[in-house]
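Chemist: Here the protein sequences line up with chains A and B, keeping their order. Just so you know, we're using the working numbering here: the first sequence kicks off at 1 and counts up by one. Just so you know, we're using the working numbering here: the second sequence kicks off at 1 and counts up by one.
It is possible that some hints are incorrect.
Said to hold, decoys possible - Covered stretches of chain B (chain A as the covering partner; in silico rule of three or more C-beta atoms under 8 Å from a C-beta of chain A):
hint, segment
1, 64 to 77
2, 83 to 95
3, 102 to 109
4, 224 to 230
What the hints assert, rightly or not - Residues from chain A shown here face chain B by an in silico Cβ test under 10 Å; the list is partial:
hint, residue
5, G23
6, V102
7, T177
To be verified - With a Cα cut of at most 25 Å, we get these calculated SDA-like pairs of lysine to any residue:
hint, chain 1, residue 1, chain 2, residue 2
8, B, K141, A, V37
9, B, K141, A, L299
10, B, K141, A, V300
11, B, K141, A, V36
12, B, K141, A, L303
13, B, K141, A, V41
14, B, K141, B, L224
Quick caveat, the hints were computed from the structure, so don't treat them as lab data. Note that beta-carbon positions come from the ideal geometry of N, C-alpha and C, so glycine has one too.
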Amino acid sequence: MSVVPLPARRAAGRRPAARRTGGRHVAPYAFAAPFVVLFLVFLVAPIVLALWQSMFRQRAAGGLGFGGTRQREFAGLGNYVTALTDTGFTSGFARVLLYGAVQVPVMLVLALVLALLFDSAAVRFGRFFQAAVFVPYAVPGVIAALLWGFLYQPGVSPIVGGLTSLGVDVDLLAPGTVLWSLANIALWSNTGINVVILYAALQSVPAEVGEAARVDGASEVRVALSIKLPMILPALLLTTLSSIIGTLQLFSEPNVLRTITSNITSDYTPNMAIYTTSTEAQDPHLAAAMAVLLGVSTLVLSLVVLRISNRRNGALA
Amino acid sequence: MSTSTRTGPGATPGAPAPAPAATGRARRRTATSAGERHSTAVRVLATGAVAVATVYFLMPVWWMVVAATKSSTSLFTTPGFSFADPQLLQNLRELSTYDDGIFWRWVLNTVVYSVVGSVLTVLVCAACGYALAMFEFRGRKVLLGAVLASMLVPGTVLAQPTYLLVVELGLNNTYAGVLLPSMVYPFGVLLCTVFARSSIPVELLEAARLDGAGELRIFVAVGLRLMTTGLVTVLLFAFLGSWNNYLLPLMVLTDAELMPLTVGLTGWSQASITIPGLQVLVVAGSLVSVVPVIGVFIALQRYWRSGLTAGGVRF
């Protein structure tokens, strides 16, 4: 509910009134201005610049990499074709989608179970446990990856060591397992915030609704699944969306683990491919095209999730 | 980590289930009626399940605390989860002196990027959210629409284009090149709009105007004050955003003197392949940088919890 100032109604005829109502008309623009400027310069402009840059390519004329001025020529959609036919880049996409298809549901189910347990008040020392679950969220993704990197390395890791002494040989950094080791880092880092959001939503479900069902003989599990769950669907949607967006952006964790395993290539995820293309390959035009493709696919995926959930819960939309 | 955790008044053994000390607004059921619903078996089972999860979440943190006290040889030769000849002070001394004490320079940079950056971000978001919530003006709907739409554009997708722009502006390898892009936080604007709407009564603004107060003064004295709970939430999330920031500084900064901890420590981690002693410093550095943040978060959880309840979940 926004407020419509009614300048004419009051203070008419008083001398400072004119200045005040004048200030009131300017004020919202002045308050919004810093954000709007930053928004235009550091969010809109980069998008426009990326679209623009993605349509050029560096000319290889003369084969001189350095010394001369930057020469570029119009490439049309050439960079997009290059990106989409680059199997390294496209398989990176497939990889993060596979990763997300497993990691996001596992994390959200775990978060939901924990939030429901906290909400049911059946857990003792709930506040302590809630804080403990949230602790990893305060650890930057990069540092989380460094720590788990140690816990995955055979020489240092007490986990690998313990399993080996039990006769179980595991290689957490093998080609087939390293993706799930990465998923574990994201699970560890992000479950906490989802528990907090879902728990906050559960706390605002009126108790009477559950009480009524209980009087009718519904079990606690039934109350949780049939009453609480539908009522926190908007929060669940929010967490699903941000998790999916996070999945496609995967960068820090694989980039850190790259130092301890050769099974993570320099284009393991789309964002790593963009980074490598931009820095090592020195091709900002192709990198910009890749960034645009990544942005568009993130947007499409988000909209699909929104669409599906809107259709399923028309009342909530 | 658990030492700095307050378990809260409801968590004393034998008392009914611990009620979260969130705002009264959010809590509609009483602790006693909730507690009585469950048999002892259910409660033991539920607590046990949560305890197992807690072990998983705290285990790497515990490993970090233990490993940060070890020498570089005992890091590899002694059991990971138990102490062996703790030498934390010596490690910290080494951390402080290695490479002319660049670690503390990274800490300082991180404070600039995260603390200064998030305070500025909150002010920018609060002013814009206040304008969106309390005023009707031309372009308001467009701005709100742009804010909502841009929430679907994730930060890391923007990293490479932002890097291009930062280079165009000549801001690469400067504080501003990292600081300014991180101040665009549409989600913060949205939260501030929600908070302003729900916590600032229009009548109060009208009264202040009748008293002759200027708009800026009203915003600072009335708006910001009433939005405090919400602003702490936005502050913490903005802080975490820049605290987590890795890809953009990695691209924008080449000078080690300007790097935040995340970039600096991963650089050490890469170098530790050839310099084995660095591994302990990576762990000790992680410990030093993570612990204060965990402490602040747990200390302030009353604020951001109620902030999330009041604002974040409602849209």
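Chemist: Which earlier hints can't be squared with this structure?
Modeler: 2, 3, 4, 6 and 7
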